[in-house]
Amino acid sequence: MSVTQDSMSAEYPGFFRRLSPADWIWAAGVVVATVFVLAAYGNRMDIYQSGTLVVTAATGLWLGWFWKSFKGYALAVTGMSLLGVFSYGDTLASAQTNFFLKYLVSGEAAVMWMCALLYMSTTAYLASLFRREAGRGVLPALITAVVTGALGLAGLWLGRSGLVPGLEWASPLILLVAVGALLGPIARTDFAARVGSVLAWCAAAFGLAGLLVRWRETYLHDPTWGYIPVSNLWEVFVLFCIVTVLMYLYYQGRTRNLGMGGFVMMVVSAAVAFLLWYTLDREAHVVQPLVPALQSWWMKVHVPTNFVGYGGFAIAAMLGVAYLMRDRGERRRPDGLLVRRLPSREVLDDVMYKSIAIGFAFFTIATVLGAMWAAEAWGAYWSWDPKETWALIVWLNYAAWLHLRFTKGWRGVPMAWWAILGLLITTFAFVGVNMFLGGLHSYGTL
Amino acid sequence: MSSTPTDPTPPGRRSTFAVLMGFLGSMGLAITLLVALAVASVVGTVLQQNQSYETYLLDYGPFWHELFRTLGIYHVYSAGWYLLILVFLVISTSVCVYRSTPAMIRDMRQFRLGVKEKSLRSFQHNVQRDTHPETPTALMSRAESVFRARGYRVRQADHGDHRVLSAMRGSAGRLGYFFTHVAIVVICIGGLVDGRLPLMLAEFTGRLEVETRQVPVSEIPAQSRVSVSNPSFRGSVEIPEGQRVDVAFVTMRDGYVVQELPFHIEVKAFRVERHATGQERAFETDLIIHDDLLDEPLAHTISVNHPLVHRGYTIYQASFRDGGSHLNLGMYPLGRGADRPMPFDARVFGTYSQTAGDGTRLRVEFTDFKDTNPTLIEEDGVRERMDMGPSFEYVVRDSSGAGWFHRNFQQPVERDGRRYLLSGVRQNPAEPFSFLYIPLDPQGGVDRFMRFLAKLTDPAVVAAVVDESTRAAAGQFTGVDEQIRSQVAETMRDLLETFAVGGYEEVIAQVQEQAPAGQWDQLADVFLRVLNSGLDAIYLRVLAEEGIEVVSEADDHFLADALRAINALPFYGSPFFLHLNDFEHIQASGLMITKAPGQVVVYAGSVMLILGIFLLLYVSHRRCWLWVQPRPDGSGLVLAGTSNRSTSDFNREFDEISRAVLGEPRPTPADQDARA
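Sequence lines, in order, name chains A and B. Numbering of the first sequence is given in numbering that gives the first Met the number 0, commencing with residue 0 and proceeding in unit increments. Numbering of the second sequence is given in numbering that gives the first Met the number 0, commencing with residue 0 and proceeding in unit increments.
Think of the hints as simulated: they come from the structure by calculation, not from any bench. Don't take each hint at face value.
[As the list claims (entries may be wrong)] Only pairs whose alpha carbons sit at most 27 angstroms apart, straight line, appear in this in silico DSS-like list of lysine-lysine:
{"hint": "1", "chain 1": "A", "residue 1": "K407", "chain 2": "B", "residue 2": "K117"}
{"hint": "2", "chain 1": "A", "residue 1": "K386", "chain 2": "A", "residue 2": "K299"}
{"hint": "3", "chain 1": "A", "residue 1": "K407", "chain 2": "B", "residue 2": "K267"}
{"hint": "4", "chain 1": "A", "residue 1": "K299", "chain 2": "A", "residue 2": "K67"}
{"hint": "5", "chain 1": "B", "residue 1": "K267", "chain 2": "B", "residue 2": "K369"}
Chain A with its partners taken away, still in its complex shape (with noise of 0.2 angstroms):
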């Protein structure tokens, strides 16, 4: 411990002082790269599109002073997109002949890499849950192994024989946690955790890549149908992955504890196992124009929003799920494995509260965005659409949640409960309504 003058003096610098060269580095080639594009592609775009720019650069520059680890994710990211972009040329068809493309950063590609690395994420931090710990055995590990992957064998085998179709696609899953339990007491530091945090990172890189080269492929299948990639049920899975898995990463770096990776991972995993069932058995990854209704700049807004806020929720019910066990663990066994490898129950509360005001706040700006490209689009800016109505309910039910705890001063278990509650309600109005309710988000028709 050192004493220094610094230390003892009440000086606080202020928010730019504190920034690093390294910052500053940023927002330049920021800047750079923003006039760079105005300049040479300005004249092809119209207002709302250099304005989304700017809005864009400057929400970039923004978090890359925030949050320090961003700026090397966004670099490679840039670099990935950049390698697709050109590797395309003016033709779709070198995603057939160029190796970059066809084995790393076409969208199709870098999608199914977001994917494997996502499982393999989730492995490792699961992996990290059953460390092996001086004068304690691997039992729990074994045993936890050993039941999952019976388990998990057996729904791959109920699903291939078509006795419960589908299981096939969810028994992975489970099948993560098996692997994790039997590699995990391999390593006694939390290396694991820190090789999944690596390939989450990874993960989110590809993701984003992959949707970007994916929105220059739009424009390659025909100039006319170009989009952005955000604009339906496939797409919107891959942003929901890369989403939820920087919100944890950045909480994870804030918090500094890589124990919520396993729990948070496992629901980002199960959207992987949608992503390829919707890939691999209904080949819903192919690109297809849009219909005229989503042919619009709020798209570009009202989309990316609303998966922060599907984002915070997800990881809030998770970390539900986590904070449960832990406070089952300490109330059954103080030693348990529960007890020592989870984080701590106010870590949990803490960052489950922050996941939800985040999300709120975003799912609060998307529903509003949302209102008004249905203003413009259908006539009004409510019209009790089912999908509209289930926002409603959604952001009820989290409104709900945030007023018990600010005033009432609820913490714990009811709140980990209703967070867990919370996300089926999120996925029903995410995904169940467009399946079983129809409406003006269905895009049936004009």
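Knowing the structure of chain A, use the given hints to seat chain B on it.
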């Protein structure tokens, strides 16, 4: 939605008003209303809203229909009880804001320099030192600069025996509460302005009557019309190309009312732009607004996502349908005279009277026309989009009202290298179409088929053909006398007639009627041979008229196809076939017209809501107090802090602040890691 108890009056002595306000502003009521609203909203998404009452009656049966109708759940969001929940939510929120705002403002402005040492000691975040080496003055001045450097506002007070410093930051966070809650009220009021409350009120007081009949606008009585002065509405209207209107229809329950507009909207043209793949790319309408306030008519093109705003009215592209296209048709009787088509000019949505060959009166109603039919065709697992070309739909009804629904295409389809014209038929709009495949001749027309059919159904031709072919056959064999020949001839004529009316099925029925069960196969064999030689002979005549003497393989195929089609005719229903020669496509553009003066209010409320939420969640109101008392060897002090949001972040900040204020060293990063 308040938690801060602001009413100091002890219970038991509170006035009724205070009790009522306490109830309306209570957290319990607010949460109950939020949840009730959420649950009620679910109902409207599960049960499809705003359908016709007939549909509901069909779906739910009379008992449930009546119950649902009474409860208003066909129109949940405008049902009285739903609006009541909303009104209560607005009242609850307003009361909450009214009761909590004074305390909130006090909190933001007052530094509470009179705070007691004892209460500071009980704060969650506090640091206490009984003896600190520095003097109170030194401590106070450093504390002041520490807090100011961190953006805190600072006040000091000297109470004689002790001194208090109070610092606060982020008091704007308290405004978040105010903004969010006022925003809810503002949004609801804006929504109410744009809601149909005026219309509902007018209907309730009997000034407005809902029209349920489908009649021309001119016949709709004044009681079902809403004047231009109506401040807000959402109506729709379909305008055929080349026509203009000055009204919109506002649907209400099982009917509608007519909203008058202060200008005419003319639809000049409607277009569907398509991708190369046939999928729709854009729906556009060229509009002309005729308004006395304009110097000249305003021309503007609207499309989905790009409406036109004129004088506070917004005009949207909402849908489209046929606007009464002109169809130039040829009517081929499916029987005698099939080779003499009658020209028939029709308009879509027109109804025409026709007399069938047997004298029955038929009504032909034209229901739709499409100039293009992009279809997804799956062949050998390969999906391909292709355009089936123009098609039109019509219904043929007899006097009983029973109808045959048809859908005919103008362009042929190709199967195995042979081309056919398709005519779909069904007796119920809910069923899929069954298609009649009419084979096309080498010229690509239906003429050969129709000539063949005409001859087959013309007794004179049949008689001549039968006579000729039986004589030719008899000539090949000696000893066949005239009696046998005429017997065969009669059988052949009989079979040809039977086939022309009822197809092979009827022929088989005749076999079963004429012979005992054991001889059916034998007799059927004979009959079919006789029938086919007759059909062949008729077909040869048709070919001869075209100048064809050598029958090619294609001609053989044609006969097989023609017979298949004739065999299917009994199931076709209509006694004639309509062939589309030419058309003039006229479309109607479906427009939605709205006036929503509350929109600005709702948007303002939304912005306020978002601003409020960010203030509420991310600007935490942090307050710290330093209580210092001079002691012989320095000072005694209590430093306490509180934050209305995230405690974990404030933990860190308070930690740093207390070290800086007390002049203690900041731990090195290594220490921090060890702690984490």
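Hints versus structure:
no., hint, result
1, A:K407 / B:K117, "holds (25 angstroms)"
2, A:K386 / A:K299, "holds (18 angstroms)"
3, A:K407 / B:K267, "violated (62 angstroms)"
4, A:K299 / A:K67, "holds (25 angstroms)"
5, B:K267 / B:K369, "holds (19 angstroms)"
Checked against the numbered hints given earlier, this structure breaks only hint 3.
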